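Please model the entire structure based on the sequences and the hints provided.
Listed in order, the protein sequences are those of chains A and B.
All letters in the first sequence, in the order written, are residues 1 to 230 by my numbering.
All letters in the second sequence, in the order written, are residues 1 to 230 by my numbering.
By construction, these hints were calculated from the structure, which means they are not laboratory data.
These numbers were taken from a predicted model, which means no experiment stands behind them.
Among the hints, a few may not be true.
Unchecked claim - Capping the alpha-carbon separation at 30 Å, the derived lysine-lysine pairs in DSS-like fashion look like this:
| hint | chain 1 | residue 1 | chain 2 | residue 2 |
| --- | --- | --- | --- | --- |
| 1 | B | 36 | A | 6 |
| 2 | B | 6 | A | 6 |
| 3 | B | 220 | B | 182 |
Number of protein chains: 2
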Amino acid sequence: MDAKQKIFVAVDAVVFGYIESKLQVLLIKQKYGVMKGKWVLPGGFVKDEEGLTDAVKRELKEETGITVSYHEQLYTFGDDVKRDPRLHVVSVAYLTLVNPSKHTLKADTDAEDAQWFDVNKLPKLGYDHNKIIKVGLERLKGKLTYEPIGFDLLDKEFPFSDLENLYGTILGKEIDRRNFRKKMLSFDLLQETEKMRKEGSGRPAKLFTFNKQKYKRLAKEGFHFEIKYV
Amino acid sequence: MDAKQKIFVAVDAVVFGYIESKLQVLLIKQKYGVMKGKWVLPGGFVKDEEGLTDAVKRELKEETGITVSYHEQLYTFGDDVKRDPRLHVVSVAYLTLVNPSKHTLKADTDAEDAQWFDVNKLPKLGYDHNKIIKVGLERLKGKLTYEPIGFDLLDKEFPFSDLENLYGTILGKEIDRRNFRKKMLSFDLLQETEKMRKEGSGRPAKLFTFNKQKYKRLAKEGFHFEIKYV
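Set out below in structure tokens:
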């Protein structure tokens, strides 16, 4: 076997959050190296004897202060052997959804800064990270239609309009509000709370919560969440 | 940066074929090394300066004689740092569907033999390859319901019953034949040919072809193929 292979394995974290009705992605500013001063995805080289998921958790924690329990594997980038100008690096990218209000950012180690960026107003990032985010966004759009993952991005209690805005924003299209509301409520997974929230000059809106336990139970029994063509 | 990382990058090919109404997977018998004599997926170490997809194409060609134009990335296996007993190896697995009747197997290089195996009667394979195949099978089941990929496994001209058997076999369940036929024909993507085929003692069956060009055109316009809950 070829024990002299000169290929390096890295991980990158595509972390999406939803802030002020905009889909945002978490970036760090590189402190060292060829990409110094550039914004990139949190990530870095996997350590010897370290599993891939452990590596992405560690890098995210080190560089941004965020701890997340679950990272979904997104895609492994390694068709372009020059994607890192220094060396032949294969990067395994992970997708994660968080509610930014629950996490405090704290840049450290390789990161000079850590910030949320509107996915529609990204600067030119280091390496192929604009492309990685694009792939992450496509995955997110797809998943949103067949898994109730949007709730991971919202507060525990939210007005229905927040959910509607989130779908419209991420799918990047006008939502048929009546149809969306009808479909979403038909699953019987949203519970009305006693609380109301007043925003702007409109009437106070009822707050809802998502019944995750019920969804998990139903999913095991073969229930399919599906919110297509809205 | 850590240029002394001791992690190796490999690729593995999960190639599915459909033979005699059974879903089969292509395996090779290892000629050398710690897994000598064991059946494993075609694959091996990526070369320096070689892209991942190029590597999986090369390994598949070298070890089995099969050339395939498209490989879909399946998953990267690297949470278990001991998945290869020799070294810390991360494997990027690819999924491919072929029609076995169009390919001649020819074992070479690291492979002493190359054969198709019924996915339901697999021996204990080397490394974590039973697990990789399981992940591939789950992906295949999912894709079958929202992309017309089943046709890649069939002959260009096929009796409708072959298509029905393929869905039943891969999804691992009894198909509601009337409902399946109705749904499948409703897309208007199958064309009747003038030909008939007689199998066993039954009546000769009309042969169909799948209109891939039409599907591609429709897909661009937003058409969704979907063959769920049959």
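Checked hints:
no.	hint	in the structure
1	36(B) - 6(A)	holds (25 Å)
2	6(B) - 6(A)	holds (9 Å)
3	220(B) - 182(B)	holds (24 Å)
When held up to the earlier numbered hints, the structure conflicts with none and fits them all.
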